[in-house]
Amino acid sequence: MATSPASRPGDSRPLSAVGSDPAPNLDDLLVRTARGDDRAFAALYDELGASVLGLARRLIRNPARAEEVTQEVFLQVWRTAARFDPDRGRAKTWVLVLAHRRAVDAIRHDQAASDREDAYEWVGQDHDVVSEEVIVNLEHQQVRRCMDGLTELQREAVNLAYYGGYTYPEVAELLDANLATVKTRMRDGLIRLRDCMGVAA
Amino acid sequence: MSIDLHSLIGPYALGALDTDEREDFESHLDSCATCAEELDGFIATTVRLGEAVAEEPPAALRASILAAAAQTSQERPTVVALRPRALRRRLPALIAAAAVVVAAAGVAGYVAEHQQVQDVRAEQSNVERVMTAADAVTSESQLGSASMSLTHSRSEDAIVLAVKKLPAVDDKTYQLWTVRDGVTTSAGLVDTSDLVYVGGVDGVQQIALTVEPAGGSERPTSLPVATMAL
Ligand SMILES: [Zn+2]
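Line by line, the protein sequences give chains A and B.
Heads up: the first sequence at position 157 corresponds to 156 in numbering that gives the first Met the number 0, and the numbers run straight through without jumps.
Heads up: the second sequence at position 47 corresponds to 46 in numbering that gives the first Met the number 0, and the numbers run straight through without jumps.
No wet-lab data here; the hints were simulated from the structure.
The C-beta atom is built at its ideal place from N, Cα and C for all residues, glycine as well.
Take these hints with a grain of salt, some might be off.
What the hints assert, rightly or not - So the derived label-pair ranges between C-beta atoms look like this:
#, chain 1, residue 1, chain 2, residue 2, range
1, A, Arg38, B, Ser138, 39 to 49 Å
2, B, Thr184, A, Asn61, 33 to 43 Å
3, B, Ser138, A, Gln141, 30 to 40 Å
4, B, Thr220, A, Asp194, 51 to 61 Å
Only chain A is shown next, with the shape it has when bound in the complex:
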């Protein structure tokens, strides 16, 4: 079944068992999923489910809702797999970008609903909690080390946006910084992370 002995650099499998099988090629699995291959889809879930759920939980915090969003993400992957073109990108990127956007949309949607119920200002409520929680739970050594290499403002901006789901104007308010500064810190932070992680552009 696994037809790709060539392991791809940068393809880490954080929580998967270190088994005897070579890592299946995710791109190949997604292409087969597009043809209705449910076993390929199951294998794809086994490879990426932990990342998608972890990201959804980090962003959404309500575990039941995070699982719901994880399910929505994978159903969307199943439904729209035909749109994936392995010549133009990686399956993992495709799925995780989708997962992040979907989780963020869920936060904003849920937030809008609860804002209608009570008019509390929500920005700023929990932000210290969020970022500490995030830092503490960063298990991936390299990511943690690279995060440590950011300036405090860069790190906060990246954390609040990516793991907190805040828009950059919200981040600016939380950090009491102006919009231009926040945009710049986000970009600078990403450049530093990218170079630290050795991500090929």
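Chain B with the ligand: place on chain A using the hints.
Below, chain B with the ligand alone, put in the same frame as chain A:
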């Protein structure tokens, strides 16, 4: 342009833009090679951030997802949801103004979009042919704050349906049907804002939009929220 779009690359990569700015930046990407190139590295970086917080999912979730997929139909290649802005860019302004009422929609990001370009190009010529056909007839309909625009060309034997701002239906989905002599045929799932091309509509008297369980249904399971005659 009042805002320097290059400067949105960091927020965009981190998912920190609202829908409007997200759209603006994605348009910018089409014409800015510098941002497009830098974005690849940024996205790869955020993927690492995502993986870093992986958590083993409960076994029940796996079973639930696989069971749901088994009952979910996959997108058919004959019905391709177009990214409206790609279309807007290429259609003559007049037609775009009249027909393309679709706002930013969907969760497909730049990466996904990139991969859809070829689909879009193929489908786009279909859409363009319908929209520009000499016998194209467009009718509009309003459902509260939502709007639908249906363009039908007999010579092209096809319709283009544009919907905008349909109410969100949470874990359900909108599904489009063609109706011939009382017989319904699925024409695919429809997002809350979407643009859908359907070919081979000879004999179709009307289209109907229903709300169905996630993934869609074999046949309608609820009364239409909207119908439009051809
Ligand atoms: Zn640019």
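Hint-by-hint comparison with the structure:
1. A:Arg38 - B:Ser138: 39 to 49 Å: 45 Å, holds
2. B:Thr184 - A:Asn61: 33 to 43 Å: 40 Å, holds
3. B:Ser138 - A:Gln141: 30 to 40 Å: For Ser138 (chain B) and Gln141 (chain A) the Cβ distance comes to about 57 Å; the hint is violated.
4. B:Thr220 - A:Asp194: 51 to 61 Å: 53 Å, holds
The structure fails hint 3 only (numbered hints given earlier).
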